[in-house]
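Trainee: Going by the working numbering, the first residue of the sequence shown is number 65, and it counts up by one from there.
If you're looking for bench data, these hints aren't it; they were derived computationally from the structure.
Bear in mind that the values here come from a model prediction, so they are computed numbers and not experimental data.
Certain hints may be false.
Label pairs and their computed distance ranges (CB to CB) [what the hints assert, rightly or not]:
no., residue 1, residue 2, range
1, ALA113, ASP497, 20 to 28 Å
2, PRO232, ALA308, 15 to 23 Å
3, PRO191, SER341, 33 to 41 Å
Don't be surprised by glycine CBs; every beta carbon is placed ideally from N, CA and C.
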Amino acid sequence: MPELTYWCELAWLPPGEAVAGVLVEVEGSRIAAITPGVAEPPPGATRLAGLTLPGLANAHSHAFHRALRGMAQAEQGSFWSWREQMYGVAQALDPDAYLRLATAAFAEMALAGITCVGEFHYLHHAPGGTPYDDPNAMGHALVAAARQAGLRIALLDTCYLTGGVGEPLAGPQLRFGDGDAERWAVRAEALAAAYAGQPDVEIGVAVHSVRAVPAEHLATIVAFSHHHAVPLHVHVSEQRAENASCVERYSATPVQVLHEHGVLGPRSTAVHATHVSEVDIALLGQSRTYVCMCPTTERDLADGIGPARAMFEAGAPITLGSDSHAVVDLFEEARAVELNERLASERRGHWRAAELLQAATAAGHASLGFPDAGTLCPGAWADLVSVRLDSARTAGGGPAAETVVFAATASDVHSVVSGGRQVVAEGRHVLGDVGALIAGAVAEARKERV
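With the sequences and hints as input, model every part of the structure.
Mentor: Shown next, in the form of structure tokens:
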């Protein structure tokens with residue numbers, strides 16, 4: 065007998081359509097059965113109004129950046145001036161403060177329908193670069209935070225060795241570095257061993273960027289990814305200055321450097337890929353490397369608009385991330401992929417709603433090492449995200465998928481079941497007032513800066 069039963073007014077079922085009257089039976093953390101065409105909720109079933117989607121996957125997050133929201137908007141500036149403010153927050157956090165900030169940030173994600181986060185983690189050590197007694201204390205804080213908030217986590221332990229191409233780490237950056245890739249791998253191996261066999265945690269790896277990891281160190285990170293069969297993520301061509309310094313050093317673009325050293329492939333994700341050439345696009349597509357678009361951050365930092373459709377058509381699956389958390393709303397990220405293309409091309413209709421939902425769900429989960437999530441079918445993770453279709457934003461809309469992708473916001477999510485556990489009901493998280501949690505954690509994170 066199923067442990068829990070949910071009746072969905074509408075549910076987004078494979079191969080990609082909204083089906084009325086769907087009964088979802090859950091056993092443990094998995095979906096046991098899906099029955100469409102059930103006209104009314106049976107006795108004992110929980111009714112889920114609106115459109116129920118699989119859980120959303122936030123494929124690129126820096127949890128501590130949540131403390132920067134609204135801080136860099138008062139003045140003109142650039143990505144590089146914003147980065148200095150980010151370093152100030154990074155300098156202030158210890159494992160306990162990071163646990164509180166990340167729990168609050170992840171709870172906000174849960175309220176937005178996110179059931180899995182890819183945490184691109186490079187805040188490793190104490191100020192000055194001294195390791196904690198447990199060198200993975202900050203990583204453990206992130207895993208604990210995800211569990212408290214009700215999310216699965218792909219903790220993408222990031223190698224970060226230089227402050228720029230040919231430049232040493234300095235100041236707050238010292239917290240990020242392990243000295244060389246071999247010492248990074250020793251620490252990452254201990255982290256992987258700590259969570260071996262725990263299904264809600266995937267210990268993946270990341271190359272921060274070609275400006276932060278010299279090419280001669282890339283093979284060590286690739287070997288770790290292959291040995292453990294885990295995701296490998298990397299920031300790619302977010303800024304034109306990154307491309308210029310890479311070409312000056314290697315006579316090749318970042319994508320070409322990564323290709324030459326075996327970083328690209330079907331387990332890998334290129335984050336941003338904003339300023340890429342036709343050759344870069346072909347390399348990403350031919351290698352089946354995922355590309356994670358983070359439109360709200362890319363526009364917040366004035367990065368530019370990446371050629372998402374061209375990369376997708378070349379063979380690179382698209383995923384979505386909130387990155388710096390200027391906004392935590394994957395519906396906004398999804399529609400921005402289409403709307404940005406409209407602005408760049410002066411043409412409409414690049415992406416169908418179903419394709420954008422695929423990016424927000426199944427593709428995102430697969431890129432984080434959870435290929436059995438992001439779909440409503442027996443055996444998949446029991447992640448159910450229900451979106452209101454009667455709010456001021458969604459009432460009177462057209463087809464449900466198009467209405468959700470192009471009109472709904474995170475505030476229209478009213479119920480979230482993550483791995484069989486209901487973490488959001490009637491728009492309220494089980495942890496209580498998430499706004500208060502965020503306010504307290506952010507104030508603590510900024511304490512050395514105010």
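Trainee: Each hint: holds or not?
Mentor: Cross-check of the supplied hints:
For ALA113 and ASP497, the Cβ-Cβ distance of about 24 Å falls inside the hinted range of 20 to 28 Å, so the restraint holds. For the hinted restraint 15 to 23 Å between PRO232 and ALA308, the CB-CB distance of approximately 20 Å keeps it satisfied. Range check, PRO191 to SER341: about 39 Å between beta-carbon atoms, so the 33 to 41 Å window is met.
Violated hints for the displayed structure: none, as all numbered hints are satisfied.
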